[in-house]
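Peer 1: With the hints as a guide, bring both chains together as one complex.
Protein chains in written order, with our numbering: chain H, 137 to 503; chain Y, 18 to 531.
Fair warning: there could be bad hints in the mix.
What the hints assert, rightly or not - Computed cross-link-like contacts, DSS-like style, restricted to lysine-lysine with a CA-CA straight-line distance of at most 30 Å:
#, chain 1, residue 1, chain 2, residue 2
1, H, 295, Y, 359
2, H, 179, Y, 160
3, Y, 140, Y, 152
4, Y, 152, H, 295
5, H, 295, H, 383
6, H, 178, Y, 232
7, Y, 140, Y, 359
8, H, 179, Y, 152
9, H, 233, H, 388
10, Y, 160, Y, 45
11, H, 233, H, 295
12, H, 179, H, 295
13, Y, 160, H, 178
14, H, 233, H, 179
15, Y, 490, Y, 45
Read the hints as simulated data drawn from the structure, not as lab findings. Because the structure is a prediction, the values reported are computed rather than measured.
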Amino acid sequence: MTTLRELTSDDIEAIAIGAAILGTGGGGNPYIGKLRCQQELKKGNRVQIIGLDALDDDAFVVSVGGIGAPVIGIEKIEQGEECLRALRTLEEFYGRKADALIAAEIGGGNAMEPLLTGAQAGIPVVDGDGMGRAFPEMQMTTFSIYGKSSVPAAIADEKGNVVIYREVLNELWFERLARSTVIAMGGAAGSATAPMSGRYAKRAAVPDTYTQALGLGNAVLDANRRHVNPIDLICAREQGVRLMDAKITDLKRHLRGGFAVGEIQLQGVGAYAGETGTIALQNEFLTFSRNGTIEVTVPDLILVLDLDTGHAITTEILRFGQRVAVVGLPSHPLLRTPEALAVVGPAAFGLEGVQFTPLARAGDGNV
Amino acid sequence: MYRIGVDVGGTNTDAVIMQGRDVVASTKAATSADVTTGVLTALQAVLTQSGVTPDQIGALVIGTTHFTNAVIERRHLAPTAVVRLCLPATQCLPPMVDWPEDLHSIIGDHVYFAAGGFEFDGKEISPLDPEALRKIGSDIREKGLNSIAICSVFAPVNDAMERRAAAILAEACPGADISISAPIGRLGLLERESATILNSALLGLARHTVTALGKALRDADITCPFFLSQNDGTLMDAAQVQMYPVLTFASGPTNSMRGAAFLTGHGDAVVIDVGGTTTDVGLLQHGFPRQAGMAVRIGGVRTNFRMPDLFSIGLGGGSLVAGDAANPRIGPQSVGYEITRKALIFGGETLTASDIAVAAGRATLGDPTRLAGLDPAFVAASLAEIDRLLEDAVDRSRISATPVPVIVVGGGSILVPDRIGALEIVRPPHFAVANAIGAAIAQTSGEVDRVFSLEGLTRDAALDAAEQEARAKAIQAGAIADTIIVTDREDVPLAYLPGNATRIRVKVVGEMRI
Numbered sequence: 137m138t139t140l141r142e143l144t145s146d147d148i149e150a151i152a153i154g155a156a157i158l159g160t161g162g163g164g165n166p167y168i169g170k171l172r173c174q175q176e177l178k179k180g181n182r183v184q185i186i187g188l189d190a191l192d193d194d195a196f197v198v199s200v201g202g203i204g205a206p207v208i209g210i211e212k213i214e215q216g217e218e219c220l221r222a223l224r225t226l227e228e229f230y231g232r233k234a235d236a237l238i239a240a241e242i243g244g245g246n247a248m249e250p251l252l253t254g255a256q257a258g259i260p261v262v263d264g265d266g267m268g269r270a271f272p273e274m275q276m277t278t279f280s281i282y283g284k285s286s287v288p289a290a291i292a293d294e295k296g297n298v299v300i301y302r303e304v305l306n307e308l309w310f311e312r313l314a315r316s317t318v319i320a321m322g323g324a325a326g327s328a329t330a331p332m333s334g335r336y337a338k339r340a341a342v343p344d345t346y347t348q349a350l351g352l353g354n355a356v357l358d359a360n361r362r363h364v365n366p367i368d369l370i371c372a373r374e375q376g377v378r379l380m381d382a383k384i385t386d387l388k389r390h391l392r393g394g395f396a397v398g399e400i401q402l403q404g405v406g407a408y409a410g411e412t413g414t415i416a417l418q419n420e421f422l423t424f425s426r427n428g429t430i431e432v433t434v435p436d437l438i439l440v441l442d443l444d445t446g447h448a449i450t451t452e453i454l455r456f457g458q459r460v461a462v463v464g465l466p467s468h469p470l471l472r473t474p475e476a477l478a479v480v481g482p483a484a485f486g487l488e489g490v491q492f493t494p495l496a497r498a499g500d501g502n503v
Numbered sequence: 018m019y020r021i022g023v024d025v026g027g028t029n030t031d032a033v034i035m036q037g038r039d040v041v042a043s044t045k046a047a048t049s050a051d052v053t054t055g056v057l058t059a060l061q062a063v064l065t066q067s068g069v070t071p072d073q074i075g076a077l078v079i080g081t082t083h084f085t086n087a088v089i090e091r092r093h094l095a096p097t098a099v100v101r102l103c104l105p106a107t108q109c110l111p112p113m114v115d116w117p118e119d120l121h122s123i124i125g126d127h128v129y130f131a132a133g134g135f136e137f138d139g140k141e142i143s144p145l146d147p148e149a150l151r152k153i154g155s156d157i158r159e160k161g162l163n164s165i166a167i168c169s170v171f172a173p174v175n176d177a178m179e180r181r182a183a184a185i186l187a188e189a190c191p192g193a194d195i196s197i198s199a200p201i202g203r204l205g206l207l208e209r210e211s212a213t214i215l216n217s218a219l220l221g222l223a224r225h226t227v228t229a230l231g232k233a234l235r236d237a238d239i240t241c242p243f244f245l246s247q248n249d250g251t252l253m254d255a256a257q258v259q260m261y262p263v264l265t266f267a268s269g270p271t272n273s274m275r276g277a278a279f280l281t282g283h284g285d286a287v288v289i290d291v292g293g294t295t296t297d298v299g300l301l302q303h304g305f306p307r308q309a310g311m312a313v314r315i316g317g318v319r320t321n322f323r324m325p326d327l328f329s330i331g332l333g334g335g336s337l338v339a340g341d342a343a344n345p346r347i348g349p350q351s352v353g354y355e356i357t358r359k360a361l362i363f364g365g366e367t368l369t370a371s372d373i374a375v376a377a378g379r380a381t382l383g384d385p386t387r388l389a390g391l392d393p394a395f396v397a398a399s400l401a402e403i404d405r406l407l408e409d410a411v412d413r414s415r416i417s418a419t420p421v422p423v424i425v426v427g428g429g430s431i432l433v434p435d436r437i438g439a440l441e442i443v444r445p446p447h448f449a450v451a452n453a454i455g456a457a458i459a460q461t462s463g464e465v466d467r468v469f470s471l472e473g474l475t476r477d478a479a480l481d482a483a484e485q486e487a488r489a490k491a492i493q494a495g496a497i498a499d500t501i502i503v504t505d506r507e508d509v510p511l512a513y514l515p516g517n518a519t520r521i522r523v524k525v526v527g528e529m530r531i
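Looking at chain Y on its own, in the form it has when it is part of the complex (with noise of 0.2 Å):
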């Protein structure tokens, strides 16, 4: 059986067939608004140039930007209501309340604060109060709001406050979109709460995007299951996809850096994406990218979900070059896809770093002749100083002095030199199309990040509990059972609190069953 993976980006949409850890064909096309019908060209595509049909297809994959782009263009976001099981604590900080002013009007502010929530250690904060959550939900009914987010204190601890208010509101308002916090964020209540409020506003969205994609596989006669790709190069099925939206937020970048390390074999390696405009890098380990470990924003909002460690700088293979031999200036201002246009190896009038990786005889492209009226002195600074941004940029990405190696993917990729510092470069074949094959690869995982009691339990056992929970997770989530590795392990005793409160998080992986 093949496997499709498609990555739809903000300008092309890509794919890849590929048979067992073989490329069979790619392709890029351009993406559509509806995402579908990018989707449907790139996948005729590559049919045609592999002669593969559809019913040799045992798994498709989808990584898209479609509903980050949605919160940050404010585009088909639900108003929301929002419950948060917490009573008494919390009130001084209401939901939304570090919003950008126009997001928090799309969502408008129908906040409720309840009794419930729980401790650190799962005691109840307060008991949750049914008959004052069935007022809540008639409230919400009357206001016609059909998308609701529930966060209660501590859920990665406990959700099973969650869970009841969730069935008591889905009974008043029937029909309405409900989210939960504890399946989508970590510790961090405003960061949980934010990321579960627009997840609850994404759903509609969600629904319609997954039924408009099912229906055009289908008219295709594509029948094989479909996923998406999430933040953590993992996979989610249609029907989590409707359920989880937001975790779909960083799969781009994420797919990229997963397609490197398949590409190299390289586990553990730095990734250079080099795109027109900008570069990121990110770290891999074990395979997946390291996470970022401090509140990311989306849109302006703070979240604090399972995100790559990304560090982007303004250099790209359209960036501008100014200054002079002393003092050479690239970016982060670009020229972007109109490269083919406007740099000086292309027939155009500006100055770009391709121009120079050209000039300097690192790449072979477009004509040459035209960069004859160069100043040797200037274009080697400007080598010189597009190698000392990659050089910082790789640092920076790095978390220990062991040397890894720099795996080089993007368009951009011709402006990376051999070696960057003591570091050896591979550049693997495919890179262009890196991010459909990481997304083609995907593979499901389970997750566990709580606090556990180390009294009368060893700090083994207890991390055996955790990984045993994530095994679970991720052998419901669709994972072949002796594929599982754990790709993350990690525990931080708790300073200040008795009991030897240790925080442990485990994340495992394992290849899906088609």
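Excised from the complex, chain H in its bound form (with noise of 0.2 Å):
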């Protein structure tokens, strides 16, 4: 994409259906961001992305999301310019207003709110993000893996509070001081975060992630429409691979440390039948082993969908007895680097003697 896109409620439609699927398990529920897009399509603002090749070097690009737990956002939502009201406060910091924004994390409930901020202030969307997926840590973007602070910051909530992060020491003093921050503003907030120049943000930045969730989101309603396996065409759309058609036979979920960590076993069906797979969660899913060898690990995107509608099935309602199909997704090769992989492979995910191994895309030769 070279040029300025402008989205319609149908295509805000597919990428929550696609982000949800990018959240790989997580990421939380695009539902209410995917209203309050289309409530300012109502409204007569504009939702426009644009390509990272179209973006001058110099522009001003800032990060932008809701940040806070999931069960907040559900009850007391947004009062709808949280994340304007944080990014006016970095721009006014700065003395230069942004020229477009970016999301750090496509997978999920934040692939909205950067959509309806631009479409607030008037300016367009980067067409990718940090993550390419979802993770669930704030220093798991390619923006921080890659040299980018997330601060100066800013984090706004409804009642007209902003506080702004002019330094911190590191990621990890960021983390914690936004918390405790977001904690006493009642649980959620909005966010602007990691101001980039143009010419970071292609260096670092997934690529076109907004037009894979919306091509996602487009083959799966496709599909449905025509009444067509919704897999096939997500795989051969997105090049991913079809790992295992399957039934889930036991669940073990619990919490540890704020994460939703377990193990989901699998009983293979169809063409899978007499196979046995095993996929690791840790709200989103971490690995995925057939017949005992694990075959796809993080950063690589593990895929678990309704067999019958191609919906995304998220970590909060796996259910025994759910006939899935897993799909595997080469990750991005900003996400494959040593880099990378230090912060968002397997290791980082306490997977001791996990080597990752990378996916190869569909089509491309060994599987």
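Peer 2: Quick look at the structure:
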């Protein structure tokens, strides 16, 4: 994509479905965010995305997103301009208006916040993000991995409070300080973080991920309209690898350190009858094993989709007996470098001794 | 004393008379448009059948889809003002934002955002503004609206503001129907608010229905208290129904499942209810239906109140059978209630799932000689497909690999084989009126669903406090204290929140004092 593209209400619908798929089990539900984007369109505001390559090198790009516990977001819905106020505060700090916004996390609910904030501010959103999927922690973005600090950053609540962070020792300190602020604000807030140049965004952002979410969502909607298999369409479109069609035969989930941790046992069905599978999860799906041997690991994407509808099955709605398709998507090369793997590779999730073996795109030979 | 259970379905009104655990008499009558006539017809039939006199009846429980149907068919709904206590939060998404247009236009767009609401920990978002509420009240009165729904952010944590706002609006709008959200739904503002709006819009119909029913029963000399059964298989008295009609929304399937549990004595089981067109499959836990964790749509509106988690498939006794031995197709089209005219075994010309069951020797029904021309390979393949559909649905309804019995109820149950996968099938007596039996045995409940801070409090102490609160609610609703048991206890630690914030949900049930 080289120019601006304006999104319709149908596009938003599709992006919500695709973002949930790219959430690889986590990332929160895009439903509220989708409704909010569609409200912006109804008001006459425009939701625009712009290709990374169309950004000026010295463009001023800011990452915006909701921050806090998802359970708060479904009850204390935002006033609506939290992220915009955080953005305005950063703009004031720099004495410069943002040229474009960028998402930290395309997977799940936070795909929507930049779109609706961009609509309010009248600026486009970059077709790309800092993860290309969902990850559980704030510092797990390519922005941070390749050296851009999250600060200066601003956090705003619905009441009019805005806090700006000028300097922190490291990303961990930012996480700690931001978290206590957000809790004081009632558990959820809007954030503007990681201000960066267009040059840096081009180097560090995972490209074309809104286009990817849109494509995935349209594949699902298309398949359901035409009554064809959505999994085939998704794999064909994104060169995904269909790992297994299976039935969930066991499910273990518990909370550890604020994360949902667990394991799903699978029994192959159809063409995969006789095989067994295991998926380990920590908010998101971490590894996929077939007959006891690990085949796919983070940061590659492990998608668990409803076998009939193609919609994402998130970790909260996993159920015994569900028929699912497990699909692997290769992660972007930016997530596969040694620097990236140190932060988002198997070892970073405590998977000792597990090597990251890159998944090849379907059709690229060895799978 | 006897108990009577009545289930008012779309087609039939079923009634049973029970004495203790025994079914004394049962009947099916046609459902009437006004509910009352059909109920009276069914009542008179079971009374005559059993020789029981009205003065021997201790309680009457009615399960009805009347209020659900009103929403689905967009009938008898009052235009409703919506007051959300929230400012400055939540303004980006107004009430009814995701409703179907036709329903929204019936309710109208009378939406008011007001100061108030709570944070997750019970702090105020902003203080309630009585003066602003009085202004809103006079605006509502000037518009001539007679129904008001009030919803506060985090009302399930603290309902104090909703109650104060209701009192202020009741004063400003004398005689108006007012609903607050805390007793109706759980966390999830839009879903709980939508349910509250529907509830308020139905209050007029609820009052009318309960009054008519009460009068009809008195005219028939039935003077015992009467109750309606609610979504979770527990009951509510006439006064509660007039306050919370939405809580009856899914009572039909719930009653079937509760009846199945009662008839078999199995508290943990899968229940298959096979009708003419569809089959509902659900899971019983401790004798109650497992509840859905996700939003359930009613008439196109997302709601999140207590509903059984059902999986429905397009398979029933009247399902059309087509295709060939290599690829048989069953349903979802069905001859429905016309099965007794259209199926081959009943002299018709349509091949149905019931014909396949008879041809395969699974059931004895109608005239099997009319099936002589069917290809045995096709019959076998069709039967295998029916079994596959059922096994799939049963699998989806289970939450663990632990084997549980499968209870089959409903008129189409002849389709079901003697085993499903490795699971044993139980076919109880009176399976055709399991729903009315479920109504007759409805119990009383109390529930707490709130975020607790575990700071300075152990998890056990918090769970205990929640249980005591739920018990008090059940006793207030009429339960006998020493029959109360806990049916559901869940605590979910909330990620990202301090002070070990934990969402605790406890539900208790007990026998109704008659």
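Peer 1: Each hint needs a verdict: does it hold in this structure or not?
Peer 2: Evaluation of the provided hints:
no.: 1; hint: H:295 with Y:359; verdict: violated, 65 Å
no.: 2; hint: H:179 with Y:160; verdict: holds, 26 Å
no.: 3; hint: Y:140 with Y:152; verdict: holds, 25 Å
no.: 4; hint: Y:152 with H:295; verdict: holds, 23 Å
no.: 5; hint: H:295 with H:383; verdict: violated, 47 Å
no.: 6; hint: H:178 with Y:232; verdict: violated, 50 Å
no.: 7; hint: Y:140 with Y:359; verdict: violated, 64 Å
no.: 8; hint: H:179 with Y:152; verdict: holds, 27 Å
no.: 9; hint: H:233 with H:388; verdict: violated, 48 Å
no.: 10; hint: Y:160 with Y:45; verdict: violated, 46 Å
no.: 11; hint: H:233 with H:295; verdict: holds, 23 Å
no.: 12; hint: H:179 with H:295; verdict: holds, 22 Å
no.: 13; hint: Y:160 with H:178; verdict: holds, 26 Å
no.: 14; hint: H:233 with H:179; verdict: holds, 23 Å
no.: 15; hint: Y:490 with Y:45; verdict: violated, 35 Å
Taken one by one, the earlier hints fail for this structure at numbers 1, 5, 6, 7, 9, 10 and 15, listed in ascending order.
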